Structure formats: C-alpha cells, structure tokens
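What follows is each chain in one-letter form.
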Amino acid sequence: MKVLDALAKLQLVVVTGKGGVGKTTVAAALARLLAARGRRTLLLEIDPRESLHQLLGTEPSGGKIIKAGARLAVQNLQAQAVIEALVREKVKVGMLAKRIVSSPVFQHFTEGAPGLKEMSVLGYALRTVEGEYRHKADVVVLDAPATGHGASMLSAPLLLAEAVEGGQLGEMAQDLAGFIADPGRCGVVLATLAEEMPVQELIELVTLLRERMGRPPELVVANALYPPYPTDAPAPRRPDWAETLVLWEQRRAVNQRELARLERIWKGPLVELPLLPVERGPVLLAQIADALGEALA
Amino acid sequence: MTLNGLDRQLLVVVGAGGVGKTTLAAALGLQSAKAGADTLVMTFDPSLRLKDALGVGEEAKERPATVKAGTKGRLDVALLDARTTFDRLIRRYAPDAAAAERIFSNRFYRDLAGNLAGILEYMAVERLFEVQSERRYERIILDTPPTRQALDFLEAPDRIVNFLDSGAIRIALKPWWEQGGGLRGMPMRLAAKGVEEIADRIIGIRLLGDMLEFFRAFVPLYDGFRERAEEVRKLLRAPETLFVLVSGPGADRIPDTLFFARKLGERGHHVGPIVVNQIHPEAPAPDTPGPLAEGLALFHFLGQRDRDGVVRLRKLLSKGEPLVAVPLTATPPTDLPSLTRLGATLLAQLPG
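From first to last, the protein sequence lines are chains A and B.
So the first sequence is numbered by this note's numbering: it starts at 898 and just counts up by one.
So the second sequence is numbered by this note's numbering: it starts at 933 and just counts up by one.
You may find that some hints are simply not true.
Said to hold, decoys possible - Quick partial rundown of chain A residues pointing at chain B, CB under 10 Å, derived from the structure: (1) Val918; (2) His1032; (3) Leu1090; (4) Asp1129; (5) Arg1134; (6) Asp1137; (7) Lys1164; (8) Gly1165; (9) Pro1166; (10) Leu1167; (11) Pro1171.
Stated by the list, open to error - Pulled a few chain A residues facing chain B out of the computed Cβ check, cut under 7 Å: (12) Gly917; (13) Glu1093; (14) Met1094; (15) Arg1112; (16) Pro1124; (17) Val1143; (18) Trp1145; (19) Pro1174; (20) Arg1177; (21) Val1180; (22) Gln1184; (23) Ala1186.
Think of the hints as simulated: they come from the structure by calculation, not from any bench.
Given the structure is predicted, the values throughout are model-derived calculations rather than measurements.
All C-beta atoms in this analysis are idealised placements derived from N, C-alpha and C, irrespective of residue type, glycine included.
Full structure from sequences and hints, please.
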C-alpha cells in the first residue's frame, strides 16, 4: 500500500525529530496533503512560540482553532490549559476547581510531574478524533517537541500506565497507551537533515520506538537536501564559481554519506526533500507539500 | 594571545537546538587552552565525530577527560549525563548509605525521576557547582542542553528549587499520609482536601505512595540543593561570567535570537558576542543556463538570505553587542585543526 494511503487512514500522526530540522514544515505539509485527500485535519502545535501561522499564512492561534484551508485547521495547544480544563470538567464545583487550578501546589505539580503534559496533549488529540469536542476532525497531525522530548511524549502513557495502578490517570494512561500502540490509528513520522547529528539522533529514535513501542515509524523524511552535484558538467566554469562549487560538492557529499548511514538501519519508506530557494512561508509550504505528495503517491 | 573579550572565568554557550553550540564550545575551549588557560568544556551530547576528534569517550561522564591537543594550557572535556549526576549527588549528599539505597530502589526515582521536566538542566547546574567549587580550572566553557526553548536551562534551577522548596509535595501529600496532619486555617484545609481528593482520584494511590516515599527520602538533601542552586544563580549573573549566544543563519531565526538576547539581559546575565553560525557565503548569480545553473541559483539565494539576516540582526541589536558571522565550511569541523580554525575565525571578528 502506498504510504500516503496508509497515513490517510490514521487518526493521529506524530511528527518529531531533532530541533532545527524542519519538523514543523514537514508536519504542515503532511496536514495539507491529508486535508487534500478529504480528511478533516487538525494541525496541533505545542511550542508556545508559534511559528506555524507564518508557514500557513494565517493569524497566530493564541490557543484558538484557526481555519487554514479546506478541511484544514490549526491550533496552538498549551498543555497547561488542557490540564486545567480537565480539572474543571472532573471537579463539578466551580469554586473548588478554581481554587485547585490556581493553587501553587497544582501549578508546581503539573509543571514538574513527568508525563502529565505529554499525556494531556495526546488525550486532547484522542478526544478530538473521537468527536468529544465541538471541533470535529478525522485526523490530528501533531508537531511534537524536538526528539528527546518527542520520544518521551510517545512513551509517557506507557510509562505512566506501568507506574500507576488505578485512578483516572491510570485508566487514561492505559487508553492512550493503547491508542499510541495501535498501528491502525496512530503513526509516527520522523524528520531529519542528512547531517551527522540529526541522523545520529534519528537512528537512536528509531531504535527507541522499536524498543518502547514495538513498532517502526511510518515514514522518515530527510529534509533540506542540497541538489545532486553534476560531476560531469562540461566547461566553461567561471573562476568566481569555484568556491561555491566546492561548497556544493562537499555539502552534497555529506548529505549522501549520511543518507547512506541512515539507509543501513532504516529500510522503510524514506522521502528526500530538496532545499529550495524560497523564503519560509506559504509559497515554500506549497512547494514542499507538492514534493512530499509526489514522493508518497 | 588573548581571547578578545572572552577571557572570563565562565563562558556559557546558549542558543536553540541544532545551531552548532557544542562544536563552538569545543572550538572556544581549544583557543582558551592555546592561550595558556587550564580549561574545561562541559557538554551534553557531542556527536561521535566530535568525541573522536577530542579523543574522549563515555568515561568523561564520570570524570573530565584530557584532550591531547598539545595546547599550552590543559583542555579537559566533561560529558553531562542527568542520571549519572543524579546518582552521584545522592550518593554524596545522602546522610548515610541506607538513605541513598532507599532513593535508588524507589520506583518513582527509577522509572520517572529521569523524565522530570528540567532535570537535565538542573543536573547541569549541579555539575557546574561541583566543578566550579573545585577550582581546578582557570576557565570553564559550558555548553547548554539541546532544548528547543534555550531559556529552559536558565529557568530550571529556579523551577526545581521552587518545586522542592514550596512544600508543594508536602502540602499535597501530608493530609493524605498523616490524617489530620497540621494544617491551619479553613481555606488551606479546604484547598489541601481538594488537592488530596483530586490527586487520589486522578493519579491513583500507588504512584502517590511512590512519589511521597521519594520526596521523603529526599528531605535531608533539600537544603543542600537549594544552597547550591543559589550559588549557581549568583555565578550565572556574576561579571566573570559571559554568555555567548549562537544563532542559525537566515532571517527567520532573527526573532528567536533577539528574544533570547533580550531575556538574558532582563534576567541580569552578561551577554557577550552573538554568533550567527553556518552562514552560506555569498555566491555569484549564474548568468547562463546549464547543468550548474539551478544549484548555483540556490547557493546565490542562500548567500543573500543569510547575509540579509546578519544585516537585519545587526540593525536590531539595541546595545551594539558584537556580532560574529561564522561561514558554513565545505566540510563540517570535526577534527582538531578545523576546530582550531573555527575558533580563530570567531575570535578574529571580535574587537581585540
């Protein structure tokens, strides 16, 4: 089955990778493709410093759901707000809920407790696709935090489900762990640059996913590749090109070396996206989405 | 040979993930040792190549390893690892071996404490205190953790100390653990009761028990943690400490860099040079179609984009902080000679 067909059947697509590899761009491009295939898509950003709106050409979300195209919406989601909403829902007495939410104990607990924020974001995604909120979506695309944190996002429910017995948190963790582990519902897309450190982290992350979740990611995207260097290009070459040509040839060689290293451990779907001479914004996003769509079709 | 304004006791290299902080920290370390200072580079997650180049391995997690670079001063590298540091801290500061064992065997500590928000950053602070108080080095260069929000590192000591210090855990758990345990005043009691009920209903009793046990075992260590964090807080604002802010190229990184520079200043840190790393050099526009044209056009675009970014950043920097533009090299700097060149390129752009 084609990769895009498989992705279009999922309810949650988690996009992660090392910082600075273009994770957000890949997530936005995927969301556009899924929406174009007829899926009502919600693109979730959890970095409080919003940047998706620049790519999509929309206004900043500020926590609200913003329309970003046919069947495509975007939201900047704050974990803290989700947790507070959950408390309000569970504690029926308004005064008491307010007191709890504003108490320093609660603030410190939610700030420091391992896995709680991750769980709340995943829980929000699950409830969205199950139609529990006013805003309906068939699929949530999550622009997850950078690798280390992204991995802990995926393993949080499992870890908590093991550590907690009973309680609503325990049950929620069980539900979410099941959701995350179900390859028919949830998929992981990893973004990387074809450079040493990002590839190193990617290899570690693939291993981690296999070990912790017992399954591979759906797709690996190698982003921002320098174009192939035409070694057999005929003369004339202007002397003032010399420096640029060396840079091009060498940087492409780094890309190829790292792609080869990646392919030794990753035999699954791999898409290569080019570095484009376009400023970050809607035009770039459209071109990246086209390239991604073509590669996945 | 001097370090052109970087001759402070502590250099903190900060910036977003993936901008080359670790490589720059190593390059600065080499220059510092070359200038004759015994130098320690503390880093989190160097690439295999960088570790190879410096000749350090996993043993540097336990104690600093010396780089055989033939420099006038000694150059050591310490790798920071949250779990190793945490374990060592507990071993060192626990009142006795039994108390340490109680913490080590606690399930909350084993499974979850390593994932506590900010723990990596906090452990960096602890490690910094440890090294600083030994006074074995004339200069320490601290590479900061690869967090997306680079400020997390600076806020971590405050956050964790507040968490331990506020009695949050004690207030939350005491009434549940010791029935009727000394809380005065109705509002407090009501709040505590609410929290207890919620905690019980939502979190579940087993995890709560594990957490309580962990924090109890931790109580004798609280005061030390707070004192050390306080010392480090002062150190990070002292005149002998300078922050080197690293940014990626391109105009879209500018808001982040400016935001960070401003925040550092507001928090009372001394901001030194701002390094825009991996700038594509200017490239001529291709004038004729051909097999090279498309690639050359890309490099022309990237060269312009990165130069525009630097020009705009320079204009926006309000206090005239020195700005250093480090060009992208054909091959990544992953051996001692290329790291030395990188450091020299950086220093050459600073006022002497």
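A quick look at each hint next to the structure:
1. Val918: holds, 7 Å
2. His1032: violated, 25 Å
3. Leu1090: Holds: closest Cβ of chain B sits about 8 Å from A:Leu1090, inside 10 Å.
4. Asp1129: holds, 8 Å
5. Arg1134: With a minimum Cβ separation of about 7 Å from chain B (threshold 10 Å), the hint on A:Arg1134 holds.
6. Asp1137: Check passed: Cβ of A:Asp1137 comes within 5 Å of chain B, closer than 10 Å.
7. Lys1164: This interface hint is violated because 22 Å lies over the 10 Å limit.
8. Gly1165: Violated - the Cβ of A:Gly1165 stays beyond 10 Å from chain B, reaching only about 23 Å at its closest.
9. Pro1166: violated, 24 Å
10. Leu1167: violated, 20 Å
11. Pro1171: Cβ of A:Pro1171 sits 9 Å from chain B, so the hint holds.
12. Gly917: holds, 3 Å
13. Glu1093: holds, 5 Å
14. Met1094: holds, 5 Å
15. Arg1112: violated, 21 Å
16. Pro1124: holds, 5 Å
17. Val1143: Interface hint status for A:Val1143: holds (5 Å vs cutoff 7 Å).
18. Trp1145: holds, 6 Å
19. Pro1174: holds, 4 Å
20. Arg1177: Holds - the Cβ of A:Arg1177 comes within 7 Å of chain B, reaching about 5 Å at its closest.
21. Val1180: violated, 13 Å
22. Gln1184: Where the cut-off is 7 Å and the nearest Cβ of chain B is about 13 Å from A:Gln1184, the hint is violated.
23. Ala1186: violated, 18 Å
In terms of the numbered hints stated before, the structure departs from hints 2, 7, 8, 9, 10, 15, 21, 22, 23, listed from lowest to highest.
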